[in-house]
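Student: Sequence:
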Amino acid sequence: MEELIAELVEQEERLRFTRFDNDDAWTLGSLLVRLGKERGLPITIDIRRHGHQLFHAALPGTAPDNDRWIERKIRVVERLNASSFLVGRRMAAKGQAMDAAYGVDPADFATHGGAFPIRVVDVGVVGVVTVSGLPQADDHALVVEAIGLFLASKP
1 MEELIAELVE QEERLRFTRF DNDDAWTLGS LLVRLGKERG LPITIDIRRH
51 GHQLFHAALP GTAPDNDRWI ERKIRVVERL NASSFLVGRR MAAKGQAMDA
101 AYGVDPADFA THGGAFPIRV VDVGVVGVVT VSGLPQADDH ALVVEAIGLF
151 LASKP
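By the numbering used here, the letter at position 136 of the sequence shown is numbered 136, and the numbering carries on one by one without gaps.
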């Protein structure tokens, strides 16, 4: 578990944006849609900046429940400024649950992988990229892959 947590922390340190605007949300969201379609993944994708939904897409095989999972994962990132997967793994390593540790309703928060902070250098967390529809480690890995590809395409 410690190895996984260290890897997740490294991802958050490495995957930082120099800026993030509406066009960036469209480009990143479109990239996630393309990856999902190419792989036949039943995913819903959501990108927000300061609580404003800038991108949302539901691919075949998804359901309204994916949107509910997205909302719950986003709340974790917004509250703790860390990916929902990292928060969940840290809590599991301590034998804790978010509701008990933070006094929140578990119906409102999900420490399952798939929501990743949009962290701008010298600014901090400004938004969240979320995927729902796969096992939690796969949701997280897809977001990390897409952010990595997006950042690599920038000068």
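Derived from the structure by calculation, the hints contain no laboratory data.
Take these hints with a grain of salt, some might be off.
If you anchor each label on the Cβ, the simulated ranges turn out as follows [stated by the list, open to error]: (1) D105 / G40: 29 to 37 Å; (2) L151 / N81: 15 to 23 Å; (3) P42 / D122: 34 to 42 Å; (4) D21 / G103: 31 to 39 Å; (5) A57 / L151: 38 to 46 Å.
C-beta atoms are modelled at their ideal positions from N, C-alpha and C, and glycine is treated no differently.
Student: Taking 31 to 39 Å as the hint, is the beta-carbon distance of D21 and G103 inside that range?
Tutor: Roughly 35 Å apart at Cβ, these two residues keep to the hinted range, so it holds.
Student: Look at the Cβ atoms of D105 and G40 and judge whether their distance stays inside 29 to 37 Å.
Tutor: holds, 35 Å
Student: For the hint 15 to 23 Å, verify it against the beta carbon of L151 and that of N81.
Tutor: holds, 19 Å
Student: Taking the beta carbons of P42 and D122, is their distance inside 34 to 42 Å?
Tutor: holds, 37 Å
Student: Given the hint of 38 to 46 Å, check if A57 and L151 actually sit that far apart at their C-beta atoms.
Tutor: violated, 20 Å
Hint violations for this structure: number 5 only, all remaining hints satisfied.
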